[in-house]
Structures are given as structure tokens and as C-alpha cells.
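So the chains spell out like this:
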Amino acid sequence: MSARKGTVLVGCVAYHPRIVTIWEGFLPYFAERGLRTDYVLYSNYERLVDALLSEAVDIAWNTNTAYVAAEERIGGDAQVLGMRDVDADFRTVIAARREDAPADARSLAGGRLALGSRDSGHAAILPLHYLAREGLDAASECDLVRFDTDLGKHGDTGDSELRVLRAVREGEADAGALGDATWARLRTESPENTEGLEVFWRSPTYYHCNFTALPSFERGRQWTEALLGMSYDDPSVRAEMELEGVKRWLPGDKSGYADLTEAMRQQGYLG
Amino acid sequence: MSARRLDAGTLELGGGLEVLVSAALEGLAPGGEIDVALASRAAALELPPWARIAGHEVTGEDSDTTRFVVRIRRGPVARTLGGELPPRGSPLALPDGTLAMEPLRDAVGAAPEEASSDSGLVPIGALAEPGAPGYDWQLNDRGRLWAEEISSLTESAAADQWDATTEIPWEAVDGLPDHVERAVAQVMTYIAQNEYAALYLPARFLPQVNPQYAEVLLWLSSHVHDEARHVEVFTKRALAGGARAHALASTELSLHTLLAERDFTGSALLLNVLGEGTFLDLLRFVEQHAPDAATAAAARLARRDERRHVHFGISHVRGRIESDPDVRPALVSAAEARAAKLTSLSGLSPLLTEALAVMSAPSLQPAEIAEAASEVRSLLVRMDENRRRRLRAAGFDDATARHLSELHTPNLM
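The listed protein sequences correspond, in order, to chains A and B. Our numbering applies: residue 1 is where the first sequence begins, and numbers increase by one. Our numbering applies: residue 1 is where the second sequence begins, and numbers increase by one.
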């Protein structure tokens with residue numbers, strides 16, 4: 001008998017051991033609501049998107065970059081089943097040494113700009129895109145210092161962002177880009193990583209991760225309902241929600257990916 | 001809708017900004033808003049993502065000539081699932097500047113009759129947050145653990161702590177004749193051997209007691225700590241004069257049966273009432289007949305602790321019997337079961353009783369040895385009389401007290 005029969009299969013990228021803890025905690029929650037769910041781990045988002053396209057999984061827990069890549073291949077009809085509250089107002093920030101912080105982004109021209117993994121939306125693709133909107137073509141006007149340390153994981157591990165901050169702290173770069181949530185967490189939980197630095201620029205908001213499904217997936221609505229019903233006040237999933245960095249799940253919404261789609265197209269990540 | 005203004009000055013994330021804003025939001029109902037005024041643009045740029053991660057919403061950002069202002073709406077999520085804390089009550093009364101355990105219970109309520117076996121490590125008066133890992137405590141019934149004076153006994157234990165390294169006149173050990181020192185070493189070794197059992201038995205119950213009975217945990221901990229010091233002081237005295245002695249197998253057999261007791265009240269009877277009760281008489285004898293001041297001091301200080309333990313045992317057993325008369329035959333059965341395992345023992349080892357006599361005698365002159373041996377025989381009679389008295393105080397009738405005391409005869413502890 002197939003293990004898959006009747007089971008909603010969610011694909012995730014194993015960027016940290018806690019992914020297992022999170023999903024082992026979530027599975028009973030979905031089962032109790034009549035939506036038997038299981039998870040499969042992939043080592044990178046490219047494999048996960050392939051798995052979604054080939055229907056090896058029903059739902060992909062995607063980064064924004066992975067979602068845009070999947071949407072492009074699906075043809076614009078992907079279902080977005082939900083996202084975290086923190087995914088809805090994501091920004092990129094650029095930090096510099098406090099004494100050298102420039103007044104604006106244009107002032108970075110001629111300097112060294114550290115970026116995270118090149119497949120990270122928040123730490124590489126979008127900063128270049130939004131800086132260009134402000135008139136700075138960083139790829140040609142700055143010396144880019146790239147830290148491609150977790151390629152395939154789209155910046156999820158946070159490792160490349162830590163290297164960005166270290167490069168700025170140690171004077172190997174004049175400024176560095178990272179996710180604003182990463183910055184806020186490091187500031188309060190391990191301030192040594194941001195010692196002597198400050199944020200001087202931030203991007204517009206954009207969306208980050210989402211649960212992506214093919215248009216043919218028939219139980220998307222039920223699964224979304226169950227997801228949105230998950231409460232941070234429920235002790236049986238609170239610890240897992242904390243690990244996932246979510247306090248409230250939000251319904252699927254495609255409106256926050258236009259900039260990233262444009263950026264990925266311009267920077268050659270699509271097609 | 002107006003928002004209260006919070007001037008955060010030059011604070012930044014990681015430097016106290018999040019502490020100040022959290023405290024301010026904590027005072028608001030979900031949906032309430034505050035305007036956080038910040039001196040630096042950098043702080044104004046990093047506060048919104050912090051608010052988002054913490055489950056709040058940024059509903060506005062503004063600046064004037066001196067301040068950057070971030071308006072934050074408190075999110076709906078509670079920081080804990082433990083429920084609302086009650087309003088602050090009156091400070092606890094402090095008679096003579098002291099704070100015992102009873103006023104805590106007066107303030108928050110008595111220990112529950114029954115405690116949930118899966119409850120967590122929740123201090124008295126604290127609100128337990130759901131979702132914590134479950135435990136499986138074995139002792140969850142207040143009546144099966146409590147003693148009327150448990151809190152005051154624990155207070156006494158804390159007040160009576162002593163130091164076996166510095167509070168014994170160890171220099172007084174020097175100079176005893178060989179035969180006396182060997183006798184002292186044997187008596188001290190015997191007592192230390194028994195103190196091990198008195199340590200292990202209450203220690204076994206400690207991890208079984210539901211944390212809601214903090215007083216019981218404090219009591220048992222003090223008991224264990226007392227016994228550890230007794231093991232220490234009698235071991236030190238045994239070795240201090242240079243002699244060595246035997247750890248007797250017959251003593252081991254007796255203690256082995258004591259350690260087999262698994263019931264809390266059974267342990268209170270066998271260890272606290274019978275064993276430590278008998279030891280009160282033994283330690284008194286040692287104190288009065290010790291050939292040196294160090295031995296006398298060790299016996300005196302240990303005896304002071306043992307009196308508390310005996311007091312607890314009598315109080316606990318009496319309380320159990322009063323609340324449930326069926327406990328009485330069960331306790332008699334426990335004593336009989338222990339005695340049944342000790343049929344090979346007819347009484348105390350001659351090695352011990354002879355050592356007690358030699359230790360007590362001023363010399364090896366026959367008349368003085370005879371006198372000392374007579375004192376030891378009197379001690380054994382006195383032990384029996386006092387055991388019966390304590391058993392009656394614990395709620396047993398005369399006949400049962402006599403029966404239980406006789407069953408205990410081969411043992412001291």
C-alpha cells in the first residue's frame with residue numbers, strides 16, 4: 001500500500017535540524033483535523049521545486065526565490081496556500097560601521113558592498129534590485145563582496161548574513177545587506193555580531209516564504225483552513241511555531257512578489 | 001485613536017530598547033498603540049522588524065526635527081499561556097524581620113490535597129504555563145506526605161546547621177589508649193554505617209515527591225543533608241585517632257532490610273520513629289560516656305538533628321493513623337516484614353556492645369568493665385522503653401507498641 005495515499009505531502013528544505021522538530025510537531029495537528037500530512041526533506045530549493053513540479057510533493061514550503069522560480073515554471077497559476085506573519089512585511093537592510101555609515105544608498109558608489117548567498121532574495125537579489133531603483137547600479141559601481149556559503153538554501157541558514165556582518169565589522173566591506181528580521185534577532189540575541197554597526201538603509205517591503213502548490217492540487221483550501229486555524233496559544237504547537245518564527249499564519253497572497261520576480265528576471269535567475 | 005508616547009531616547013535594539021518597548025506594550029490590551037520616540041534613525045529602522053517578530057504591528061512611522069517615531073500596535077498573542085496574573089496583593093508580614101514558609105501558604109492557599117502527577121517544577125504561587133513537558137510523580141497525595149509541624153521542623157533544620165570540619169574539638173582525640181581508641185573507632189564506624197541508610201532512604205523519596213509539596217521537599221532535603229553530615233562526622237571520628245574498625249555484615253543485613261522499605265509512611269515508622277528514635281538513646285549514651293570531647297560533640301550535634309527527624313516521624317505517622325485507621329495494621333505488617341527477613345539476627349553484635357562498654361569504662365579493671373557492661377545493658381532496656389513511648393505517641397496502643405519494639409530489637413537503626 002502506498003504511504004502517500006490520502007496524505008498531503010509537504011516538501012521542505014533541511015537547512016537546520018529543527019525542521020524535523022517543527023514538522024514532527026505539526027503533523028499531529030493536521031491529522032487531528034482530518035488532513036493527514038507528512039513531510040519530505042530536500043537538501044536544496046531547486047530539488048524541492050523540481051519535486052513540486054513532478055508532483056512528488058503536494059506542497060512546497062518555499063523561500064520567495066523558490067516560489068518565483070516555481071511560479072515561472074508553472075506558468076503563473078500556482079496556488080499560494082499560506083505564509084507566516086513575518087513573511088508579509090519583509091525588508092532588506094544595509095548596515096555599516098557606525099562611524100562610516102553613509103547618508104544614503106547612492107553614497108555606496110565606489111565602496112565595497114557585502115552580499116549574502118547569491119540565490120538569497122533578501123541578502124543578494126533584492127538589495128541589488130532596490131539599490132538600482134535608487135540610482136545605484138551596485139554591480140558596476142560597487143565592489144561586491146559575495147558570501148555564497150549556503151547556495152541552494154536561499155539564505156535560510158543565515159550563515160552568509162553573519163559573514164556579511166563580520167566583513168563589515170572587520171573592514172573588509174564598507175556596508176552589507178541582510179534581512180531585517182535577521183538583523184533584529186542578532187541585535188537582541190547575539191549583539192556581538194552587530195557590534196559597532198548600524199542600519200542606514202532599508203528596502204521597501206516584500207513577501208518572503210510561502211506554501212506553494214500546483215493548480216491541480218485539490219485540497220489546497222482545506223489545508224489552508226487548517227493552517228490558518230493553528231494558534232500560537234495552542235500549547236501543542238506553540239514550541240514548533242516559535243521554532244518556525246511564526247505567531248500567526250496568513251492566507252496565501254501573491255501581491256508581494258512582483259519586485260522579486262522582476263529582479264530575478266533582470267538578474268538572469270529565470271528562464 | 002491616540003497612542004501613548006514613549007520616549008526611548010538614544011536606546012537601540014540589544015541595548016535596552018526592546019526591554020522598554022516590551023514593558024510598555026505589556027501594559028496595553030491587544031490592539032492598543034504606543035508611539036516610540038527615538039533619537040536615531042538607525043534605531044527607528046531596526047525597531048519595526050523587532051516588533052514584527054514579537055507579534056506586533058507597526059502602524060505608522062514619522063519624524064520631526066528631534067525624534068523618529070514608530071507607532072506600534074500590540075499584537076494579539078500572549079507572551080505566555082499561563083493566563084493573567086492576579087493583581088498585586090499585600091506584602092507578606094515579616095514578624096521580627098523573618099519570613100518562614102507558612103505565610104507563603106497563607107498568601108496563596110494551602111498545598112492541594114491531591115496534586116496532578118504530571119505537574120511541573122512550579123514554585124508555590126506561580127502560574128504554570130500549559131505545554132510544558134509532563135512528569136510522572138509518584139507521591140501526589142498531601143495526606144500521605146505531610147506532618148503537622150513540617151514547616152517549623154524545616155526551619156529548625158536550617159537554623160541548626162553545623163560544620164563537622166570546624167565545630168568539633170578534633171584535637172581532643174589525641175592520646176587515648178589503643179584499646180579505647182579501637183573501641184571508639186568501632187562504635188563510630190557502626191554509627192556511620194547506619195547513617196548511610198538514614199541518608200539513602202529519605203533521598204529515595206525526594207525525586208518522587210510532587211513539586212507542589214515544596215515543604216516536603218525542603219524537609220527531606222534537610223534530612224538528607226543532616227545525614228550526610230552525620231556520615232561525615234562519624235567517619236572522621238572513626239579515623240581521627242588512627243584506628244580502623246569493621247563494617248559488620250549483620251549491620252549491613254539490618255540496614256538492607258530498612259532500605260527495602262518503599263512506602264513513605266512505612267519509612268517514617270521504621271527509620272524515623274524506630275531507628276532514629278533508638279539512635280537518640282544511643283547517641284545520648286555516647287555523649288555521656290565518650291572518652292574524649294570530640295566524640296561527645298559529634299554525638300551531641302547529631303542527636304540534635306535526629307530529634308527533629310524523630311519528631312517528624314511521630315507527627316507524620318500519628319497524622320496518617322488519625323486520618324485513616326487502616327494505616328495502622330499496614331505499618332505493623334511493614335515492621336513484621338522487616339523482622340521476618342532478620343531471623344538470623346538474635347540481637348546486636350557483641351562486637352558493638354563490647355566496644356560500647358570498653359569505650360565507656362575508665363579502665364580495664366574488672367569492676368569498671370562490669371559497671372560499663374551494666375550501663376550498656378541498661379541502655380538496651382532504655383531503648384526498648386523509649387521506643388514504646390514513641391510508638392504510643394505515634395498512635396499505637398500499648399500491646400502493639402510492645403510488639404513493634406520487640407520486632408525492632410535486633411536493629412538499632
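Some clues are possibly wrong.
Derived contacts from chain B toward chain A, CB cut-off under 10 Å, selection only [what the hints assert, rightly or not]: (1) E12; (2) A37; (3) W50; (4) R71; (5) A111; (6) L121; (7) G125; (8) P130; (9) A367.
Computed beta-carbon distance windows for the label pairs [unchecked claim]: (10) B:G9 - A:E218: 51 to 61 Å; (11) B:R79 - A:L151: 50 to 60 Å; (12) B:T65 - A:R166: 51 to 61 Å; (13) A:R166 - B:A159: 47 to 57 Å; (14) A:R36 - B:G9: 45 to 55 Å; (15) A:R166 - B:G15: 52 to 62 Å; (16) A:Q266 - B:L121: 52 to 62 Å; (17) B:P30 - A:A109: 37 to 47 Å.
Not the full set, but computed from the structure, chain B residues with beta-carbon under 10 Å of chain A [unchecked claim]: (18) A78; (19) V108; (20) P112.
No lab work stands behind these hints, which were simulated from the structure alone. All C-beta atoms, glycine included, are put in the ideal place defined by N, C-alpha and C.
Evaluated hints:
no., hint, result
1, E12, "holds, 7 Å"
2, A37, "violated, 18 Å"
3, W50, "holds, 4 Å"
4, R71, "violated, 14 Å"
5, A111, "violated, 25 Å"
6, L121, "violated, 17 Å"
7, G125, "violated, 21 Å"
8, P130, "holds, 4 Å"
9, A367, "violated, 78 Å"
10, B:G9 - A:E218: 51 to 61 Å, "holds, 56 Å"
11, B:R79 - A:L151: 50 to 60 Å, "violated, 37 Å"
12, B:T65 - A:R166: 51 to 61 Å, "violated, 36 Å"
13, A:R166 - B:A159: 47 to 57 Å, "holds, 56 Å"
14, A:R36 - B:G9: 45 to 55 Å, "holds, 54 Å"
15, A:R166 - B:G15: 52 to 62 Å, "violated, 20 Å"
16, A:Q266 - B:L121: 52 to 62 Å, "holds, 57 Å"
17, B:P30 - A:A109: 37 to 47 Å, "holds, 45 Å"
18, A78, "holds, 6 Å"
19, V108, "violated, 23 Å"
20, P112, "violated, 21 Å"
The structure does not agree with the numbered hints 2, 4, 5, 6, 7, 9, 11, 12, 15, 19, 20 stated previously, though it agrees with the rest.
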